[in-house]
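Make a model of the complete structure from these sequences and hints.
There are 2 protein chains.
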Amino acid sequence: MERVPPLQSEAARAIVRDADHPRDSEVAVFGPDKPLTLDAGVSLSPFQIAYKTYGTLNAARSNAVLVCHALTGDQHVASQHPVTRKQGWWESLVGPGKPIDTDRYFVICPNVIGGCMGSTGPASTDPKTGKPWGLDLPVITIRDMVRAQAMLLDHLGIDSLFAAAGGSMGGMQVLQWAASFPQRVFAALPIAAATRHSAQNIAFHEVGRQAIMADPEWRGGRYLVDEANPRRGLAVARMGAHITYLSDAALHRKFGRKFQDRDNPTFSFDADFEVESYLRHQGISFVERFDANSYLYLTRAMDYFDLAADHNGVLSNAFKGTPTRFCVVSFTSDWLFPTSDSRAIVHALNAAGARVSFAEIETDKGHDAFLLDEPELFAIVRGFLEGAGKARGLPPAGKA
Amino acid sequence: MERVPPLQSEAARAIVRDADHPRDSEVAVFGPDKPLTLDAGVSLSPFQIAYKTYGTLNAARSNAVLVCHALTGDQHVASQHPVTRKQGWWESLVGPGKPIDTDRYFVICPNVIGGCMGSTGPASTDPKTGKPWGLDLPVITIRDMVRAQAMLLDHLGIDSLFAAAGGSMGGMQVLQWAASFPQRVFAALPIAAATRHSAQNIAFHEVGRQAIMADPEWRGGRYLVDEANPRRGLAVARMGAHITYLSDAALHRKFGRKFQDRDNPTFSFDADFEVESYLRHQGISFVERFDANSYLYLTRAMDYFDLAADHNGVLSNAFKGTPTRFCVVSFTSDWLFPTSDSRAIVHALNAAGARVSFAEIETDKGHDAFLLDEPELFAIVRGFLEGAGKARGLPPAGKA
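Protein chains in written order, with the numbering used here: chain A, 1 to 400; chain B, 1 to 400.
Please keep in mind that the hints were generated in silico from the structure rather than gathered at the bench.
Mixed in with the good hints there might be a few duds.
BS3-like, lysine-lysine: derived pairs with alpha carbons at most 30 Å apart [what the hints assert, rightly or not]:
1. LYS98/A x LYS390/A
2. LYS86/B x LYS320/A
3. LYS86/B x LYS254/B
4. LYS258/A x LYS320/B
Following this line, the structure appears as structure tokens:
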């Protein structure tokens, strides 16, 4: 029976190392002259953003595509992950000749503020104490993440993005980009996203947070100082969340009620069913690459996200007079960010007079479909960016 | 911020006390001459069943109704709970003049084997060691629970039930009764149930079990011997499960994105949203009345339940030639035991040539609807039992 391995101070040290000195990444450091103003009402300074780029920025600086990652993603969108050694999380969509074509576009993928792969987050060293921030880091919002990304663009000398694209929490950032900086986003691709988190989604996140905070190794958030790590709590949080990323149909198709390596039940609490074994594996592999406090911060950011509330309760006000063109995508079996959420985005964009196309893709793969092999998604993204590229005056494919 | 209170050995002692000597309950003890043969391939002996009865058994012994409880229910179906002091969990449906009318029927509600309210379960004392069974208790199945209930009926001198009724895990027991003892069940009422647990449901259960087993206070299941108690893990398990009992729509209606006692976010990890506060309360109150190992055993029993697998993969074989009349009920917003599960029951019963009526009740209350104020459910149960009572030759209402 697979178990989360025993706690080791080495693991805690590795988390802090990656948080401060990310491998295989570029880092933009923003000093005391460039503080990040947070929604919590305080400033974060100094802070840093770790990011990856792919492709070449053209002379007109007009071909930049920002890819925003989801809750447990990071900047390694189209190249090998330095910790897991797995391929980039969106290599199906981003790369040479791919729908987000790095032969044509200059792709930037930053780790979000609050994350744990090199952008300032709770595992980063607090310069005032020389110790990991832990819960002393102010709570971060989606708008804060986007504000920091805008500062990264300034740092890179990029006035305006050709496109911003992302799924799930990444899609929330795309929507926030369009709302906060409409003049800086030519085209926006929010996939499997919503303009606010539902009560059910907040509830699932809260269970994950409670699982982490119930782990005695969490130590009030100060585990890194103690060289501890609430891995068991984090693994449980991940297992629960992972169910919500899949659909009942996908779980049934993949696992059904099949037993693991046997034909009959063991009459025990071992991982009897394949689906149990799969989930345990998901939990165990996640804790190797993710910081528990980051999980608290990023789920909180998603819970707080509510674009309508930021605009006097009227969602369309968030996009009033927007010049951005939108392509909104949802998946039929996604029950975490169901199609009704995407329709609400489309209705608000229509009310705001925006250019918007909408596609609901038929699939049984659930919310995770945005990360998986979905040829219809690839065709939609490719087509939308080609059309937007023409409007933007980018050279057609093969003429970059 | 509400927190699970610190562990106390008193809590562990209370669990053992209730498990061996249930308050406000009758207890049937089965000695060495009456072992319970378990699906796990071993015998349980001695064992006991705690139960409650309401109403009067008629002279013909033909008016007995067995009520089967769900995962976290118990025998206190229609009277005050001795621990929580709350009213019985199905008083809306069971009592004088109620649809399951205790003026007409003799209602028996046993605590299931594996439970923690007085029937033999992991918190009960193992007579061989004088200590709580813990994980040394063999794994229990739904069929084992029903076998034990049949022995209770023998003990009570009741040959045949007028009806068996229950929701969720209670509905599984009702279906198992009809499959195992067709001659002993005149009418069967499985509500919000299924003939097998889905991969998604197994997955949610596994997360709950892992939350319990990740709590260091669980101590390999031996916490009662150590006078410890994995309350935090059990609270997290309950919180996660509770989300699955409600619907997205019900959560939205009840809580939406409302903040708890304030208008704005706190930018902290307190229970900011009402839904968080509600869930934490659910977790905390649950651990006051439930044993963590029982939670492991009962979720396992549900996971293992698969009536078709017990009958060479053909579900209708489970009901072949059954004389029982069935009323199957589902709820539109129940995504844990969706209507498709109930339809599968109905199709199998049709294929087996059984008498069956089916009702899908329109509600946004999710799986929990079977426990709540659902007038349509009350009318259906009352009507079905009245019709069955006529067929059984019971005196009409008011003539008992």
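Checked hints:
Of the supplied pair hints, the one linking LYS98/A and LYS390/A holds, its CA atoms being roughly 17 Å apart against a limit of 30 Å. Taken as a hint, the LYS86/B and LYS320/A pair is broken in the structure, with Cα atoms around 53 Å apart against an allowance of 30 Å. For the hint linking LYS86/B to LYS254/B, the alpha-carbon distance of about 22 Å falls within 30 Å, and the restraint holds. Of the pairs offered as hints, the one joining LYS258/A and LYS320/B holds, with about 26 Å between alpha carbons and a cut-off of 30 Å not exceeded.
Comparing the model with each earlier hint shows a violation of hint 2 alone; every other hint is respected.
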